[in-house]
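Colleague: In order, the protein sequence lines correspond to chains E and S.
As numbered in the working numbering, the first sequence has no gaps in its residue numbers, which increase by one up to the final residue, 257.
As numbered in the working numbering, the second sequence has no gaps in its residue numbers, which increase by one up to the final residue, 491.
Hints are computed from structural coordinates only; laboratory data are not their basis.
Mixed in with the good hints, there may be bad ones.
[Said to hold, decoys possible] Here are the in silico distance ranges between beta carbons for each label pair:
1) E:A183 with S:G473: 42 to 48 Å
2) E:I204 with S:R487: 35 to 41 Å
3) S:G473 with E:Q208: 45 to 51 Å
4) S:A276 with E:D205: 20 to 26 Å
5) S:R487 with E:D166: 37 to 43 Å
[Claimed, not checked] Derived list of chain S stretches under chain E, where covered just means 3 residues or more per stretch with a C-beta under 8 Å from a C-beta of chain E:
6) 261-272
7) 329-343
8) 477-489
[Said to hold, decoys possible] Which residues of chain E face chain S? A partial, calculated answer using Cβ under 10 Å:
9) E89
10) F134
11) S135
12) Y158
13) R159
14) Y160
15) M169
16) L171
Keep in mind it's a predicted model, so treat the numbers as computed, not measured.
We treat Cβ as the ideally placed atom computed from N, Cα and C, and that holds for glycine.
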Amino acid sequence: MHHSHIDRFAQGHSVIHALDARTKLLAVLAYAAVLISYDRHALWTLAPMCVMPLGMLWLGRVPLWFALRRVAALSPMILIACLLSIFAESQRYRLGLGPWQFTLSSGQIVAINIAAKFVLALLALTALTGTTPFSQLLQAMRRLCMPRLLVMQLGLVYRYLFVLIDQAMRLRRCRDLRAGQSAPLGRKLAAAGSMAGSLLVRTIDRGQRVDMAMRARLFDGAPRSLATLRFTWADAAALAAAAIYLVFCRLIYPRVF
Amino acid sequence: MSDLLTICDLHVSYHDGTAALRGLSLAVAAGEKVALIGPNGAGKTSLLLTIMGALPFAGSITVDGIDLTRGSAPRTRSRCGMTFQDSDDQLFMPTLLDDVAFGPLNQGLDPTAARKQALQAIVAVGLAGLDSRSGHHLSGGQKRRAALATVLSMQVKLLLLDEPGSSLDARSLRHLADLLAARSEAMLLATHDLPLVRRLCSRAILIDDGRTIADGSASAILDDHDLLMRHGLA
Numbered sequence: 001m002h003h004s005h006i007d008r009f010a011q012g013h014s015v016i017h018a019l020d021a022r023t024k025l026l027a028v029l030a031y032a033a034v035l036i037s038y039d040r041h042a043l044w045t046l047a048p049m050c051v052m053p054l055g056m057l058w059l060g061r062v063p064l065w066f067a068l069r070r071v072a073a074l075s076p077m078i079l080i081a082c083l084l085s086i087f088a089e090s091q092r093y094r095l096g097l098g099p100w101q102f103t104l105s106s107g108q109i110v111a112i113n114i115a116a117k118f119v120l121a122l123l124a125l126t127a128l129t130g131t132t133p134f135s136q137l138l139q140a141m142r143r144l145c146m147p148r149l150l151v152m153q154l155g156l157v158y159r160y161l162f163v164l165i166d167q168a169m170r171l172r173r174c175r176d177l178r179a180g181q182s183a184p185l186g187r188k189l190a191a192a193g194s195m196a197g198s199l200l201v202r203t204i205d206r207g208q209r210v211d212m213a214m215r216a217r218l219f220d221g222a223p224r225s226l227a228t229l230r231f232t233w234a235d236a237a238a239l240a241a242a243a244i245y246l247v248f249c250r251l252i253y254p255r256v257f
Numbered sequence: 258m259s260d261l262l263t264i265c266d267l268h269v270s271y272h273d274g275t276a277a278l279r280g281l282s283l284a285v286a287a288g289e290k291v292a293l294i295g296p297n298g299a300g301k302t303s304l305l306l307t308i309m310g311a312l313p314f315a316g317s318i319t320v321d322g323i324d325l326t327r328g329s330a331p332r333t334r335s336r337c338g339m340t341f342q343d344s345d346d347q348l349f350m351p352t353l354l355d356d357v358a359f360g361p362l363n364q365g366l367d368p369t370a371a372r373k374q375a376l377q378a379i380v381a382v383g384l385a386g387l388d389s390r391s392g393h394h395l396s397g398g399q400k401r402r403a404a405l406a407t408v409l410s411m412q413v414k415l416l417l418l419d420e421p422g423s424s425l426d427a428r429s430l431r432h433l434a435d436l437l438a439a440r441s442e443a444m445l446l447a448t449h450d451l452p453l454v455r456r457l458c459s460r461a462i463l464i465d466d467g468r469t470i471a472d473g474s475a476s477a478i479l480d481d482h483d484l485l486m487r488h489g490l491a
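Bound-form chain S, shown alone (with noise of 0.2 Å):
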């Protein structure tokens, strides 16, 4: 398989010149599940908001063929597509519709088209029949999906998800779950959920204080209960 994501000695600083990131480098396949886990302020979220060029980095960052840079970021953008730790901050739209059109339509799909694709990903995720929701009238797990609706709307080959399974209840989580184990895009799943980890992706990277400390199958690393301890997951 070849790369979709490759990142090369990736270094990503804050404002106050706190290091987020101290020469992280990975690479993802086309339709591979991959796993980033760490502890807290070990750098995932800052991963990925830099992989969608929301964050100012060194170092190189390839989607798709398509070097990351300011001018090109609208076009990897439309290549990968990312779900927030909190849900409300990606349901910004009147209704669930809007919602998931509103990514198709800044594509430059025509109002008939977005809506179709839009209705697509919604019936995808599980909520046909709820288009003409509002954000707050949708329950906790809804509002995953609908998350992940917004991004699958609008037909990209990677799925940054960011803690996709915080604050949700053992049904949900399985239904999540069961969504994204059937999905074919490539993902880079940011989370602390280690059974989540096991259930749907073949390969983890740990990260710690901005740097790869192992990466390889998730079964390895997972079993390695010292390795594991070691970084604060277990």
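The following block holds chain E by itself, in its conformation from the complex (with noise of 0.2 Å):
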């Protein structure tokens, strides 16, 4: 089977693309934390927010339509969330929109804030993901000092999810083609448990055999690498504007507008 749901855009060619990794890891982690600091209740604020992770998309070619599946596919995670703020709070407010004027409960734009900075924050992620191959942003990380058993664990779980996904899809369609569909909910879930346990097994000894495929080409517990990164005076100019952007979206949008 052929995978390539995570960085299926990433080996392309812009100026997104050419940047270095760490450059965009450090934009998005920026990004990330300038996001979650604004205030639970800002709605309007955020609007500014939009223009990096569409503008990386655009500039990337990482198509919306990809994007926004990838947002859909997790939005179920952060829905209860959404769904508990919305009767949490019951004090109403009344805001405009340019013409139009409408009440909304507090609890309503907790709902809403949540719900923006979702996506906003998922958005970003994908167009990281979306114009650098996972390779780079693993030795970024390593080159920003993240920890390197992490990193490796991080690289081993990218490389291994296909290989699980694979033996989980196979399992699935013998299970079907033993008449698995038309069984009882009963007998399903039983079936359920039993490859549930039996993905278990195979990935311990899936890690068993890496482990013993590492040590027969000498690896000794130190995770070595090739450097392949360069900081060049793009990456520095794209920080500062990152950094700029960043600055006003925070400080000076709110107070202006």
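Mind assembling these two chains? They're in different frames, but the hints should get you there.
Modeller: Below, the structure written as structure tokens:
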């Protein structure tokens, strides 16, 4: 099976692709930090925060539908938080958007704020992973002093996630071919439990074999890697632009508008 | 030719007490291509893993003049490289280049030298231009060759190949056989694929139930139909 879900557009060529992975990672981390720092009732002041992720997607030629599909795929995780917020606070506020006036409860504003932050953060993350090969992201993390073993484990997760998905899909196909789809619910659940157990055992087996393969190539616990990243003037300019943009969003825009 | 690998009276048992190898002895000379054939469960993979120092054993194993012990395992591993039955086990880094450079970097080479050695190995196995690909973006045949590149880059003297032809189509198998035939390293090739043995190896060792049954010229053993029948290979 062929997988390319995570970094499908990462091998492209664009001004964003050409930037050093550290530049993009730092910019997106700073963006996320600024996004989190907004008050939970902030709505219109979040508007300029759309510019960076959408700009990165556009300049990086990552289709918006691709990013929105990922947002949609992960939205159930945040949906519960939004729903709970709606009922948490009942105080009502009158808001205006140009000629329109409407009333929202405090809980509704918080829910919209959570949803907006979630969408913006995921768009920024998609822009990062869509314009940076995962191997370069790992290198960037390493060079930015993230714990080396943690980075190595991330690499292994990325590498074997697809193998695990393949195995799960094969198990499911085998179950379905043996009339699993028409089985009663109880038997289906029992089969799902067995499949999960089987996957766990296979994963442990795989882990042991990978460990053996690493030791066979003289791995002694110290991760070593080839360095291929290059920080240029363009990266410095991009980082400066990102910093100015984030200062504008967080400090200047809310006061002026 | 001097012996690169010498094994004397090797006994290997698993934790549950199952004996995998029972008093096996063999020798492989430098540059010699030897096939290790036998039915499922004969002990072929266990033998290769033991040579790599991955399983505890009784008896003696000498690789390039170094006695294999727990302490000397890193030195013997830098002289022999193993490709596993499932290439996915061996391609664990984010890109092919990282994977192939993994061994040289662990041998102590600086990144520039490791990169050069890795790129040479990638070219040698016919995967030039794919160095930035991830393991899950390679076909089955490419994965086999990539796994081979991961050990060739370490410039080993002995290749231990576990079922190198399994799950390959005829064309990929032909490419792999051509590639292996052109290598000068000694090889111990554990396989069921008798045509591959006939094509690549001058010598074959038939093992069954952890013991050596026959050791001689590959053509003589492969032509002995009764022998192969008795041990589940025909």
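Colleague: Are the hints correct? Go through all of them and say.
Modeller: So, going through the hints one by one against the coordinates:
For the hinted restraint 42 to 48 Å between E:A183 and S:G473, the CB-CB distance of approximately 55 Å leaves it violated. Checked against the given bound of 35 to 41 Å, the beta carbons of E:I204 and S:R487, roughly 37 Å apart, stay inside it. Remark: the range hint 45 to 51 Å for S:G473 to E:Q208 is contradicted by a beta-carbon distance near 36 Å. As the Cβ distance of S:A276 to E:D205 is approximately 22 Å, the hint placing it in 20 to 26 Å holds.
The hinted range of 37 to 43 Å is satisfied by S:R487 and E:D166, whose Cβ atoms lie roughly 38 Å apart. Counting residues of the stretch 261-272 of chain S whose CB lies closer than 8 Å to any CB of chain E gives 0, which falls below the minimum of 3, so the coverage claim is violated. Closer than 8 Å: that is the beta-carbon criterion, and the stretch 329-343 of chain S has 7 residues meeting it against chain E, so the requirement of 3 holds. Requiring three or more residues with a Cβ within less than 8 Å of a Cβ of chain E, the coverage given for the stretch 477-489 of chain S is violated, as only 0 such residues are present.
For E:E89, the suggested interface contact is broken, since its CB lies about 45 Å from the closest CB of chain S, more than 10 Å. With its C-beta approaching chain S no nearer than about 6 Å, E:F134 sits inside the 10 Å limit, and its interface hint holds. Contact between E:S135 and chain S, as hinted, is supported at the beta carbon level, the nearest pair being about 4 Å apart and thus within 10 Å. Interface restraint check: E:Y158 against chain S, minimum CB-CB distance 6 Å, threshold 10 Å, status holds.
Checking E:R159 against chain S: minimum C-beta separation of about 6 Å stays under 10 Å; hint holds. For E:Y160, the suggested interface contact is upheld, since its CB lies about 7 Å from the closest CB of chain S, less than 10 Å. Because the closest C-beta pair between E:M169 and chain S is about 13 Å apart, greater than 10 Å, the hint is violated. Proximity of E:L171 to chain S is violated relative to the hint, the smallest CB-CB distance being about 16 Å (cut-off 10 Å).
Of the numbered hints listed earlier, those contradicted by the structure are 1, 3, 6, 8, 9, 15 and 16.
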